[in-house]
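With these hints in hand, go ahead and build the complete structure from the sequences.
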Amino acid sequence: MSRSRTDRWLLVGLRASGAVTGAVVLLVIAFLLIESWPASRHVGLSRWITDPSWYPTSSAADGRFNLVPMLWGTLAAAGIAVALATPLALLSAVFCRFYAPPTIARFYRRMIQLLAGIPSVVYGLWGLTALVPLIQHFRPPGTSLLAGAAVLTLMILPTIALLADAALANVPGDHLRAAAAAGLSRPGTIRGVVFPAARAGIFTGILLGTGRAIGETMAVLMVCGNIVQTPTSLFDPIRTLTANIALEMAYAMGDHRSALFVSGLALMAIVIALVAMADRIGRGYAYA
Amino acid sequence: MHDQAISWHAAWPAPRLSARRNPDRFIAITAWLGAIAVTTVFFWIVVDLIRLGGAQLTPAFITNAPTSAGRAGGIGSVLVSTALILGVCLAVSAPLGIATAILLAEFTREGNRYCTAIRRSLDTLAGVPSIVFGLFGYAFFCVYLRMGFSILSGGLTLACMVLPILTRTAEQGLRSVPDEYRYAAAAVGMTRTQTLRQLLLPAAMPGLVAGVVLGVGRALAETAALLYTSGYADRMPSSLADSGRSLSIHIYDLAMNVPGGEPNAYATALVLVGLLIAINATAVWLGERWTHRKLSTA
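Residue numbers (the numbering used here), protein chains in the order written: chain A, 1 to 288; chain B, 289 to 586.
If you're looking for bench data, these hints aren't it; they were derived computationally from the structure. In this text the structure is predicted, and so the values were computed from the model without any measurement. C-beta atoms are modelled at their ideal positions from N, C-alpha and C, and glycine is treated no differently. Treat the hints with care, since some could be wrong.
Okay, the calculated beta carbon distance ranges per label pair [stated by the list, open to error]:
| id | chain 1 | residue 1 | chain 2 | residue 2 | range |
| --- | --- | --- | --- | --- | --- |
| 1 | B | 355 | A | 229 | 37 to 43 Å |
| 2 | A | 116 | B | 433 | 49 to 55 Å |
| 3 | B | 346 | A | 12 | 49 to 55 Å |
| 4 | B | 338 | A | 177 | 43 to 49 Å |
These stretches of chain B come out as covered by chain A in the derived footprint (C-beta under 8 Å, 3 or more residues) [as the list claims (entries may be wrong)]:
| id | region |
| --- | --- |
| 5 | 384 to 394 |
| 6 | 424 to 433 |
In structure tokens:
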């Protein structure tokens, strides 16, 4: 490699760009920490859990700062969505790889990719005008945990399905031929050979889907009703942590504003932990 | 990947048993039912979009300014704001992301500490929820840098958000260029700058374009990160310092805050989804054409 002067300048430029790119995440974390500092100091640690309710005020002494009902809202909506989307997504992947005729499989995969590309605000709009009235017909008010979980299911289904499908595709053909030669049936092959070999990719998909469900804002904001309460039934309106930030940032001041940054920081920690886990799993196995 | 093209139907002719006693039959039926259910919901969404939004979608809707809080009129000014936000986002994220990708793919060895740090920070950034980007953008660009609610703040916030996907895709594009290109360039004594400009970048163009397009797609679909950075104003922006709403925020506002805004919300959603599909398709096509031309004349 020759070392010309332009080459040296190029490398300097590239290193500088790399530094800026790498610094963005530090900047994000730094600003979240700075902004959440007043509330963490004034509200302390235990009051996020022990306060009787969520009535935030600009000075921590007069307000109530219980985040737990919204944490339950987030976990319930995301949990139900993952529980519904995972089997459907795995069925979709198995359908594409093993049961559908090639033309149908190609069409189906294309459709899942399109579903993955629909913006969350459009899912929210559709949920609000199609699902909520339907639920309202059976159990008013309609805007509910159920509506949120249903919309989230639709949003994370493509994520899990596409990653599972790619994982199934990466299982070496030799495994399949060996299974066929050993006389395994099709379901036996899928359960005994394909799923174990592809489990890393499948888990990665589920973890990323969970992260997406927990971090999603717009769709749940539009269909969940946004009442701060611990859900006791599927038809209760709920408010998630993300929706809370979107709703209250408009007017929050002082410690209240800072409290929203605390919840943002908590969300970020949860989602990053999930993504890191997915990464770790994906790296450890051969056919992710 | 297509190595496994065994004909499953030939390999396992289904024995004629009832579904209850035959697991293969049972899975086949469940898989078909699941696929049919997902397809039904997909068409439900598509049909709703076209049925409820199609009627309002006229040339005038695209060009006119919104009136009566968006209930009437069109989305002209919203489209202009969206384009400006995307422009700011790309002007910052594309050079940064592609330069970082070149650094990671071409100028460092596997395991270099500096690059591992950059890669890890990008992975972390990719996991940050969009509303948290909104919080950051508000605190940093709007308040700390005193940009206020503006197209500039919104675009810069989105630039931070799309950096990971843009960089990663561009890096993959560069890595997919065969090493023979690099050896050949070194053998004829080309400098690394020349190699990059005349050989690697043209050859990796589909990957670079794909990265930018994925970034645009992500930015165009984003709402939560813009709520408190670019703001809500629906008038025609006169500069980057003005507040301006994106298509996605327009949909949100019409659906949630404007009674009777749903028809126009659906029409806007139709425009947004159509744009996303069109951008994706043209970019794939462009990337392919570009490679052919560059490589045949190089």
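*Okay, residue 116 of chain A versus residue 433 of chain B on CB: inside 49 to 55 Å?*
violated, 34 Å
*asked:* Between the region 384 to 394 of chain B and chain A, are there enough contacts, at least three residues with CB-CB distance under 8 Å, for the coverage claim to hold?
replied: Answer holds; 7 residues pass the 8 Å Cβ test.
*Starting from the hint 49 to 55 Å, judge whether the C-beta atoms of residue 346 of chain B and residue 12 of chain A obey it.*
Roughly 53 Å apart at Cβ, these two residues keep to the hinted range, so it holds.
*So does residue 355 of chain B sit 37 to 43 Å from residue 229 of chain A, Cβ to Cβ?*
holds, 38 Å
_Range hint 43 to 49 Å (beta carbons of residue 338 of chain B and residue 177 of chain A) holds or violated_ = At roughly 45 Å between Cβ atoms, residue 177 of chain A and residue 338 of chain B fall inside 43 to 49 Å, so the hint holds.
*Taking a Cβ-to-Cβ distance below 8 Å as contact, does the region 424 to 433 of chain B have at least three residues touching chain A?*
holds (count 5)
Violated hint: 2 only; the structure is consistent with all others.
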